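Peer 1: Full structure from sequences and hints, please.
There are 2 protein chains.
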Amino acid sequence: MITSAYEMEGKIEEKSEIYAANISSIKEAQVRISSLIHKTPILTSEYLNSLSRRKLFFKCECFQKGGAFKFRGACNAIFSLGDDQAAKGIVTHSSGNHAAAVSLAAKLRGIPAYIVIPKNAPKCKVENVRRYGGQVIWSEATMQSRELVATKVLEETGAVLVHPYNDGRIISGQGTISLELLEQIPQIDTIIVPISGGGLISGVALAAKSINPNIWILAAEPKGADDAAKSKAAGRIITLPETNTIADGLRASLSDLTWPVVRDLVDGVITVEDTEIAQAMRMCYEILKVAVEPSGAIGLAAVLSDTFQENPAWKDCTNIAIILSGGNVDLGPLWDSFNK
Amino acid sequence: MITSAYEMEGKIEEKSEIYAANISSIKEAQVRISSLIHKTPILTSEYLNSLSRRKLFFKCECFQKGGAFKFRGACNAIFSLGDDQAAKGIVTHSSGNHAAAVSLAAKLRGIPAYIVIPKNAPKCKVENVRRYGGQVIWSEATMQSRELVATKVLEETGAVLVHPYNDGRIISGQGTISLELLEQIPQIDTIIVPISGGGLISGVALAAKSINPNIWILAAEPKGADDAAKSKAAGRIITLPETNTIADGLRASLSDLTWPVVRDLVDGVITVEDTEIAQAMRMCYEILKVAVEPSGAIGLAAVLSDTFQENPAWKDCTNIAIILSGGNVDLGPLWDSFNK
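Protein chains in written order, with full-length UniProt numbering: chain A, 1 to 340; chain B, 1 to 340.
Think of the hints as simulated: they come from the structure by calculation, not from any bench.
Computed from a prediction, not measured in an experiment: that's the story for all the values here.
Treat the hints with care, since some could be wrong.
What the hints assert, rightly or not - Under the rule of at most 25 Å between Cα atoms (straight-line distance), these lysine-lysine pairs were calculated in the DSS-like manner: (1) 107(A) with 123(A); (2) 55(B) with 39(A); (3) 123(A) with 152(A); (4) 107(A) with 55(B); (5) 27(B) with 107(B); (6) 39(A) with 39(B); (7) 123(B) with 152(B); (8) 107(A) with 27(A); (9) 55(A) with 39(B); (10) 55(A) with 123(B).
Peer 2: Structure, rendered in structure tokens:
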């Protein structure tokens with residue numbers, strides 16, 4: 001459902017029919033980053049299979065270095081740079097996982113990373129940035145403030161901007177997940193992917209559909225940040241005036257490079273309530289024994305949702321990969337409870 | 001250090017020089033159970049490598065079916081039974097993980113499981129038993145009460161007792177971990193294993209030392225339940241009048257079948273404080289993104305402890321496997337915090 005009150009000045013960016021990445025750039029990314037990243041395992045659970053009435057394959061990107069898939073794209077972008085370009089360092093703005101990924105990749109490359117972080121970012125994500133040697137520069141919570149501060153740092157340092165998702169090198173890096181996944185579980189017919197700015201799902205869709213055009217790509221999105229669902233319905237990018245969700249990694253908006261891929265290659269968007277995300281997160285801990293963040297659990301929430309289960313369009317989705325995208329979450333209340 | 005106040009009537013059970021399991025029984029177990037169990041992945045973390053100044057390989061048995069390594073032994077024991085023997089069902093007593101494992105293995109075999117559970121067992125472990133169809137029968141918290149109630153159920157049902165660890169079939173099943181591990185990471189020179197009743201470490205040691213006699217096997221034990229350390233020091237089984245640790249899975253005592261293996265093949269026991277266990281547990285969640293229970297985190301606590309780091313005997317332990325033995329823990333306070 002599209003609520004017109006949410007519609008802002010949508011920008012239609014359908015000029016280029018050439019996507020920002022393709023199977024070649026994704027395979028090149030795999031060669032570039034394979035010695036730097038973790039090949040993440042797949043977990044399965046017969047209990048969750050019976051709950052969902054499908055065969056589920058959980059691709060554990062929360063075990064990726066830096067705790068999220070973001071390290072794939074960051075590595076590809078940073079190791080693509082020439083030495084002169086790289087020497088002045090990297091600037092980025094991020095709610096956290098991309099920031100930690102850029103910090104770690106820059107550290108491996110031996111160059112500085114300047115990270116603009118909104119003040120409402122989870123503490124653990126800021127700690128990750130610092131652990132990996134990134135220099136934290138604070139901004140307000142809005143995307144405008146984040147971009148403004150980043151531009152200022154760019155001017156002062158001469159560093160290279162590595163955008164969290166609106167970048168072909170980032171999209172190509174994230175796409176390596178599909179290459180790994182379809183090698184690990186060739187019978188996959190559906191991939192459910194969290195959607196925010198669209199970098200992850202663009203890479204995953206481009207690689208997967210290139211290998212097997214019949215694979216369904218479904219986006220999972222919080223109802224409180226459902227710009228992708230609204231954009232798909234409207235046929236143009238819709239941005240929201242504000243977002244409201246516990247999934248702090250899923251508050252960004254589609255961009256000019258990710259929208260064409262989402263428009264053309266994403267077969268559906270499943271929106272879920274925050275309560276469904278929290279319940280799925282609990283199942284990840286208690287059944288899979290995997291510590292995911294809310295954004296990471298949304299794919300499981302989607303496959304268990306009535307929206308998915310009762311939609312006849314998805315009744316033939318049988319072997320479903322779910323990308324557990326990240327695991328960086330503040331668990332303070334849990335540790336407090338142990339110290340009581 | 002041995003505190004004589006803790007010494008009870010120790011039983012020296014060194015009569016048999018034949019252990020209850022060997023590499024042949026463990027390989028047979030692997031053939032028997034391989035289609036029933038998960039082959040669990042190994043995770044690594046450069047951050048934890050740098051903290052411990054070793055290369056650590058985390059064998060994630062918390063991802064095993066039922067949430068702990070216990071399913072290996074339970075499957076081997078239950079699928080070893082003849083049809084007539086199996087038909088009357090299985091009885092066991094357990095603080096939880098063995099109970100869930102027996103329930104699940106019995107369900108797969110299509111036979112009843114009667115589970116005697118002490119009243120102080122974690123709620124999540126009891127829920128696991130029920131989820132897998134086990135029939136819960138309560139006992140008091142003491143081992144005496146557990147055994148008494150189990151004997152009564154045995155008499156009433158004619159079912160077969162499957163002890164949590166004092167059983168060659170159980171030890172053989174747990175030993176399959178070493179076969180998998182040394183295939184996955186052949187360069188392992190040390191394995192750190194949580195110790196409680198000794199079933200896990202007996203199987204792991206028998207298999208690993210049979211493949212490579214130079215592998216060091218180190219036990220990790222809570223200071224509040226350090227019967228293994230005391231037994232090794234005394235050269236005979238020491239049982240404790242009571243235990244006091246957050247590691248609810250590590251409160252059992254060595255038995256006549258596990259003690260000879262622990263006595264002869266375990267190269268050292270590292271005892272750690274509960275605060276070290278809690279800290280290691282936090283690292284498992286926040287760095288590895290793995291939801292372990294306290295007993296499961298003790299191997300990491302051991303490798304990071306001063307006891308280990310400062311002992312010259314272990315300075316050449318370089319490629320260390322740590323068995324994350326289980327992940328069944330009550331996370332209620334965490335979920336409560338999300339609903340505030």
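Peer 1: It remains to establish, for every hint, whether it holds in the given structure.
Peer 2: Okay, the hints, checked on the actual structure:
At most 25 Å may separate the alpha-carbon atoms for a hinted pair to count; residue 107(A) and residue 123(A) meet this at roughly 21 Å. Of the supplied pair hints, the one linking residue 55(B) and residue 39(A) holds, its CA atoms being roughly 18 Å apart against a limit of 25 Å. The suggested pairing of residue 123(A) with residue 152(A) holds, with an alpha-carbon distance near 24 Å, which does not exceed 25 Å. A distance of roughly 20 Å separates the Cα atoms of residue 107(A) and residue 55(B); the hinted pair therefore holds under the 25 Å criterion.
With a C-alpha separation of about 24 Å, the suggested pairing of residue 27(B) with residue 107(B) holds against the 25 Å cut-off. For the given pair, residue 39(A) sits about 16 Å from residue 39(B) by alpha-carbon distance, which is consistent with the 25 Å threshold. This hinted pair checks out: residue 123(B) and residue 152(B) have alpha carbons roughly 24 Å apart, not beyond 25 Å. Taken as a hint, the residue 107(A) and residue 27(A) pair is honoured in the structure, with Cα atoms around 24 Å apart against an allowance of 25 Å.
Between residue 55(A) and residue 39(B) the CA atoms are separated by roughly 18 Å; this keeps the pair inside 25 Å, and the hint holds. This hinted pair does not check out: residue 55(A) and residue 123(B) have alpha carbons roughly 28 Å apart, beyond 25 Å.
In this structure, only the earlier hint numbered 10 is contradicted, and the remaining ones agree with it.
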